[in-house]
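With the sequences and hints as input, model every part of the structure.
So the chains spell out like this:
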Amino acid sequence: GQQLNQSPQSMFIQEGEDVSMNCTSSSIFNTWLWYKQDPGEGPVLLIALYKAGELTSNGRLTAQFGITRKDSFLNISASIPSDVGIYFCAGHPYGGATNKLIFGTGTLLAVQP
Amino acid sequence: GAVVSQHPSWVICKSGTSVKIECRSLDFQATTMFWYRQFPKQSLMLMATSNEGSKATYEQGVEKDKFLINHASLTLSTLTVTSAHPEDSSFYICSANTGEGGDYNEQFFGPGTRLTVL
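So the sequences go chain by chain: G and X.
Numbering of the first sequence is given in this note's numbering, commencing with residue 585 and proceeding in unit increments.
Numbering of the second sequence is given in this note's numbering, commencing with residue 1131 and proceeding in unit increments.
Keep in mind that a hint or two might mislead.
Unchecked claim - Straight line, CA to CA, 25 Å or less: simulated DSS-like cross-link-like pairs of lysine-lysine:
hint, chain 1, residue 1, chain 2, residue 2
1, G, Lys684, X, Lys1196
2, X, Lys1171, G, Lys620
3, G, Lys684, X, Lys1185
4, X, Lys1144, X, Lys1194
5, G, Lys654, G, Lys684
6, G, Lys635, G, Lys684
7, X, Lys1150, X, Lys1185
8, X, Lys1144, X, Lys1185
9, G, Lys684, X, Lys1171
10, X, Lys1144, X, Lys1196
11, G, Lys620, G, Lys635
12, G, Lys684, X, Lys1144
13, X, Lys1144, X, Lys1171
14, G, Lys684, G, Lys620
15, X, Lys1150, X, Lys1194
16, G, Lys620, G, Lys654
17, X, Lys1194, G, Lys684
18, X, Lys1185, X, Lys1171
Quick caveat, the hints were computed from the structure, so don't treat them as lab data.
And the structure:
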C-alpha cells in the first residue's frame, strides 16, 4: 500500500543538539501530521499541518507542510533525553478517504545526556 | 480529554486459540474506530476502519474472517484474532475520532496491545 518515506531512519545525538527529519511522498497529501511513539505505547500527536507552506511550532518542535504537498519536515531544537522515541509522519493522501491516515516509516531518535 | 484505552495491554496465547482485544473511548463518543498493526521496528499499518453499528471496512490483504471487528457501541470496538498463529504476533493499536469538526478530524490512539502467539 501507499507509504511515506522518512529520513533518516535513525539518529543518535547529544543532548542540546538540534534535530531535523523529513518525510516525502511520490503523491500529493492534503494533511501532514507528526507523531511520537514511546516503546510499548501508541503514537501521540505532536503537530498537525493542513495547508501547503504552513509552518507550525509546538514548543521546541517546528514542522512545515511542503509547498509541493509531497513533503514535510520536523525540527526539534535543543534536544533533551525525553525526546527519545520513534517519530512518525502521517497524512491524508489527496483523493483518499478523509479519515484514512497513511504512516511514514519512522525515525528512531536517541539522545545521549 | 480524548482518551482511548485498550485491554489487555499484552496477551500470550497458544496457536489455534482466539484472542479478543477491546478498544474504548473513555470520555467521548467515537463514530469511527480504526485498527492498526505494527510489527517490530516497522510502521503502523491500517487493518480496518469501523463505524458504529455497521460492518468494518478492511484494507487490502487483511482477512476479515481472521480479524473480526465489532463496533457495537459509540465507545467500544473489539478486534478478535481467530485461530491465532505465531505470524499474528504483533502490536495492535486502535484509534478513534469523534467525527466532528469536518474532514481530517484528529484520531486519538490507544496504548496498544502486544499479542504473542506461541
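Quick rundown of the hints versus the structure:
no.	hint	verdict
1	G:Lys684 with X:Lys1196	holds, 22 Å
2	X:Lys1171 with G:Lys620	holds, 14 Å
3	G:Lys684 with X:Lys1185	holds, 16 Å
4	X:Lys1144 with X:Lys1194	holds, 21 Å
5	G:Lys654 with G:Lys684	holds, 17 Å
6	G:Lys635 with G:Lys684	holds, 18 Å
7	X:Lys1150 with X:Lys1185	holds, 17 Å
8	X:Lys1144 with X:Lys1185	violated, 28 Å
9	G:Lys684 with X:Lys1171	holds, 22 Å
10	X:Lys1144 with X:Lys1196	holds, 16 Å
11	G:Lys620 with G:Lys635	holds, 21 Å
12	G:Lys684 with X:Lys1144	violated, 33 Å
13	X:Lys1144 with X:Lys1171	holds, 24 Å
14	G:Lys684 with G:Lys620	holds, 19 Å
15	X:Lys1150 with X:Lys1194	holds, 14 Å
16	G:Lys620 with G:Lys654	holds, 21 Å
17	X:Lys1194 with G:Lys684	holds, 18 Å
18	X:Lys1185 with X:Lys1171	violated, 31 Å
Hint compliance for this structure: hints 8, 12, 18 are broken, all remaining hints hold.
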